[in-house]
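Our numbering puts the sequence shown at residues 3 to 298.
In case anyone wonders, no lab produced these hints; they're calculated from the structure. One or more hints might be untrue.
List of simulated lysine to aspartate or glutamate pairs, EDC-like, C-alpha gap at most 20 Å [said to hold, decoys possible]: (1) K24 - D60; (2) K20 - E45; (3) K118 - E45; (4) K53 - E66; (5) K55 - E72; (6) K123 - E167; (7) K55 - E96; (8) K111 - E96.
Label pairs and their computed distance ranges (CB to CB) [what the hints assert, rightly or not]: (9) L220 - R36: 32 to 38 Å; (10) N78 - T240: 25 to 31 Å; (11) H172 - T240: 35 to 41 Å; (12) V237 - R127: 26 to 32 Å; (13) R127 - R35: 31 to 37 Å; (14) K24 - Y129: 18 to 24 Å; (15) E96 - D63: 25 to 31 Å; (16) R36 - V237: 45 to 51 Å; (17) E48 - K126: 33 to 39 Å; (18) G26 - Q206: 18 to 24 Å; (19) M205 - M3: 18 to 24 Å.
No residue lacks a Cβ here, since even glycine has one placed at the ideal position from N, Cα and C.
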Amino acid sequence: MIALITGASSGLGRSFAKILAKRGFNLVIVARRRQRLLELKHELVESYGVKVKILCHDLADPDECRQLYEEVERANIDILINNAGFGVFGKFTETDLDSELKMIDVNIKAVHILTKLFLQKFEKRNYGYILNVASLAGFMAGPWFSSYYASKNYVLQLTKALYEELRAEHSNVYVGAFCPGPVNTEFNEVAGAEFAVAGLNEMQAAEYAIEKMFDGQLIIIPSLYAKLTAAAAKVAPTKVMLAATGMVQRSRTVHEPEIPVPENTGADMKLRLSEEELEQAISGMYDDLKDINEIR
């Protein structure tokens, strides 16, 4: 069996690759950074004896998304994990427009294109798995992370709709959304940050997601904290949630370090965070909801 993972050079993507390799899956790992992919390939081949193919693509380019699919179309991919993504942090009127458009290209367009192309093939053979990495942010709006939160709302709602379309036709194809809360990364040490809720480590979160994917679970939320936050987003008044998320994000702005933009993105932003790093910024949200009366 073969799994394709985007954004595989670091973070959750790297963990997904290790877990699936341990389970005996051959892999197609996709990212922009070739050297990191080569290092990961060496580790996976040495540790698990699986076959690993490296593909370097910038998924901010829709043409490269299509090219990626064409390169693996005959490979009989069994699992697609749409993990690539990033976020633009800051007040909406002050963030760089080009950076946000790049984010929309990666977080929304790339997920949309790859999901559609692979799902069309999976439907024809009535088999396959698509796991879209959404976020706890997908359940709410996020002042000071507005475009990122909105992009994850898109991923979550698209995935839910596709799940129902497949269920209604009694399809054996799986589509689901992974919505992690805080996930521990090396960013904690770099930022010198302490967060209100202890996060899962990357391997724990990825292992949980894979297990629930094979169980056929639609929305995969790996921790009690994240489940409580998602539930609060559904029942709390909109203004309460906006005030709570806004307080959390604004309080983080002075603590986050400036992260340089990787080369060849065509972006010039003040702050660019990975999927896991962005999740840290919402880790105090549930504690803030305890003061719901004051927020009101």
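Evaluated hints:
In summary, the hint linking K24 to D60 is not supported, as the alpha carbons are separated by about 27 Å, beyond the 20 Å threshold. Between K20 and E45 the CA atoms are separated by roughly 9 Å; this keeps the pair inside 20 Å, and the hint holds. Among the hinted pairs, K118 with E45 is inconsistent with the structure: their alpha-carbon atoms are about 31 Å apart, more than 20 Å. Distance check on the hinted pair: K53 and E66 sit about 23 Å apart at the alpha-carbon level, beyond 20 Å; violated.
For the suggested pair K55 and E72, the alpha carbons sit about 14 Å apart, so the restraint of at most 20 Å is met. At roughly 15 Å between alpha-carbon atoms, K123 and E167 fall within 20 Å of each other, so this suggested pair holds. A hinted pair counts as satisfied when its Cα atoms are at most 20 Å apart, and K55 with E96 does not qualify at roughly 40 Å. Taken as a hint, the K111 and E96 pair is broken in the structure, with Cα atoms around 23 Å apart against an allowance of 20 Å.
Between L220 and R36, the C-beta spacing of about 35 Å keeps the proposed range 32 to 38 Å intact. Distance hint check: the CB atoms of N78 and T240 are about 45 Å apart, inconsistent with the given range 25 to 31 Å. Judged by the Cβ atoms, the range 35 to 41 Å given for H172 and T240 holds: they are separated by roughly 37 Å. Separation of V237 from R127 is about 41 Å and departs from the stated range, judged on CB atoms against 26 to 32 Å.
Between R127 and R35 the CB atoms are about 32 Å apart, so this pair conforms to the stated range of 31 to 37 Å. For the hinted restraint 18 to 24 Å between K24 and Y129, the CB-CB distance of approximately 22 Å keeps it satisfied. The beta-carbon spacing between E96 and D63, approximately 26 Å, falls within the hinted interval of 25 to 31 Å. Distance hint check: the CB atoms of R36 and V237 are about 46 Å apart, consistent with the given range 45 to 51 Å.
Checked against the given bound of 33 to 39 Å, the beta carbons of E48 and K126, roughly 36 Å apart, stay inside it. Checking the proposed 18 to 24 Å range against G26 and Q206 shows it holds: the Cβ atoms sit about 20 Å from each other. One distance hint, 18 to 24 Å for the beta-carbon pair M205 and M3, holds here, with the actual separation near 21 Å.
Hint compliance for this structure: hints 1, 3, 4, 7, 8, 10, 12 are not met, and every other hint is.
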